[in-house]
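J.: Protein chains in written order, with the working numbering: chain A, 1 to 230; chain B, 1001 to 1307; chain C, 2001 to 2046; chain D, 3001 to 3227.
Simulated from the structure, these hints should not be mistaken for lab results.
A virtual CB, placed ideally from N, CA and C, is assigned to each residue, including glycine.
Listed below are several chain A residues computed to face chain B (Cβ distance under 8 Å; list not exhaustive):
no., residue
1, 216
2, 221
3, 222
4, 227
Single-letter residue listing:
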Amino acid sequence: MKRGWIGWSALAGLALLAVGTWIGLFVAPAERHMGDVQRIMYVHVPSAWIGMVCFTAAFVFAIVSLWSGRRVWDDRLVGAVEVGVVLNALLLVQGSIWGRATWGVWWDWDVRLTTSLVMLLLFAGVLALRRLADDEGRRASWSAVATIVGYVDVPLVYFCVRWWRSLHQVQSTPETVDPAMVLPLRLNAIGLLLVAIWMASRRARLEGARRIAESAAPPARVVSEEVARA
Amino acid sequence: MGVCSPLSGWGCASSADSTLPVGAGLAPAREGARPSPTSCCPVIHGRWLRREATPGWYRSRPGAQGTGGAAPVVSARVDTPSTAPALVASGLGRRFGRRWALAHVDLELPAGGSLLLAGPNGSGKTTLLRLLAGRLEASAGTLRLFGLDPRRHRGTVRSGLSMVSHHLSLYPRLTAAETLALWLRLGGEPAPAERVRELLAEAGLEAHGDVEVGAYSAGMRKRLALVRVRIERPHLLLLDEPFSALDSAGRAWLAEWLAGLRREGVGLVLASHALEWSAPLCERAVRLAAGQVTWSGPAAALLEAGG
Amino acid sequence: MPEGVIVGGWSYVIAAYGITTTVLVLYVISLLKRAAVTAAEASDDH
Amino acid sequence: MRLARQAWLIFRKDLLLEWRGRARTVSVLLFGVVTLVLFSFALGPEAEPLRRGAAGFLTLALLLSSVLGLNESFRLEQEDQALEGLLLRPVEPTALFYGKALGSAFLLLLLALVLVPAAVILYDLSPTPAGLLQLAGLWALAAAGLAAPGTLYAAITGRLQSQDVALPLLLFPLVVPVLLGSVKAMDLVLTGDPMHQLRSWTLLLAGFDAIYWSVCGILFPFAIEES
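Using the sequences provided together with the hints, build the complete structure.
T.: So this is what it looks like as structure tokens:
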């Protein structure tokens, strides 16, 4: 199979992920308060970043899709949304595990966790809507509309939850990051980005192939009988 | 700004086109809002005129706006309905999933012309009408209405079109009078009681104006939906099976009513099985089968050929 | 070891990395599988 | 202005239809009351937890009833494809959006007349007259915040096979900010506002409304037109 630059960069991304994870797990120092649990960060934070990148890309694709009306952008939109949803779901699982280890609970109505959850529901809704719409054109414009509204909604959710939470407790996520922790974080983020781009582009290509498989060439033109006058 | 087609005896269609330069609609208003001599608009409301932009195919007289002579009222990309064909379709097709409901349709209809679409159920007549009305996007081919691309000039094209389809687009809980008044007001016209009564009389519904449409018989509903077209003052009227659901008196009424519209220069595209009623109303006819045009010629010849 | 440090955090770390890797691998497999199915369908029809 | 005039006409038409079909409107109102009653069963008979949760229950009752009202509003348009007729008239899609969203917001506003007294009785609330007025204002803001995205999505889901499931699925996550804002602000009205936060929550809610009404208004034409 011919491997394009996206494929090669995804392989490079895998290598980066391997190196970054190795450094994160075995080389970087343990965090002062959280100990080794903090090592979840090296996968958790890149998931959050790249998930957000996916949704941002989906938002841009949605605008282009509405504006140009070309279905290619709809394919790309699905790719970005679906990969974003996968990463976001992983993010919630990792966050939940981390929460269990540090706070003792699987779930906490923390700002980021809550926002991620709502974001997941919003974009999973886009995917659900696509399955319900039968017409190709409607599917494209409706998913673009839902993506745009959903994306615009995310910061609103974030601010709202922050205000809502601020009554109960101050934010407790430690923000100080040791320089030794930055390197694996960056390596993993770049690696995951490259892999995510590959996955999204594969998904987009799949959507395009499906679109074509669902369509058919017009039938052969039949000869029409022309009558000049009565 | 009123649309005044030389062909249309109906006077002004109230309509607007947001895609046109603002100046096109504003300039004549400054000049005192007088209709041009060639205009057939009986009444122009000054305020209304000032606020509405010019529809695309309206060509103002040279110098109609008098603000330095060469103000761009005449838009280069539009034409009057008298010269631009009402409808040009080439290679038009529509696909639903893998099935092409319509393919390779080439049609041309001169302004004010009339066309009969014949063919069995499922041959693509309704799909074609919906494509023409802009309620469905074509999967293939190009379409020009009044010389304009309906995708780029949606508002303009729509204000020149009317369609009465199988679904009549009536609200069952509104009375006939309310329906007509709503339609008048949506176009920016006043809806005085006598105008509404006039329209009701035209549909033969004077006695039922205050009855909710949901209580009407199918024929009455159809007549109401048809008469509502009057308010829209189209240049091109698209009808899907207009003769169905009507009794013989109703059909006679409709034939007469449509003939009246034709005399006023309204273009007509009519999909019908009732050839004995519809063929005399149309000049040209095409027969569709499995989504393609299999026969085209004069409507009278189609009648002779037995459909 | 200073006070308050979470001990035995490795199981959580392994769980997080394990789940992430598994899900991503499964997703990629599903991608490839779906692509193969679509390609097979397309070649069947044409 | 043409847009505003058309929107106003659509709004008035919706109100008239709502009035003519008031049996349905009344069932939406009753549904709201039923949910309020169910919440009290879920929490048990003690008055105190009910009183504390009253703001949340009111907002949830509003949210759940709104889905019924919105679905109904677009069912009317789809029944005889009246919507297509309006678009061909031609009515600007944007005008259609604002008209219908106003209509839905108005219906949701009506809910307050039934739900707030019901909550006062069922949950043993004792709001001051000023508090009732504040509550009404907040209710209006929440109703507006639900009506705009609700109208956008109801227009989409109204043309799906499984519309009844699809609307809440899409709408509920989207209106989380409105939900939170409304619960919080109403709670401050009902159970006291020692730190004077009501003003900022109200402004926040109003800000959300502004964003929803503009973004959804821009996107509605794309949702309703074929492409």
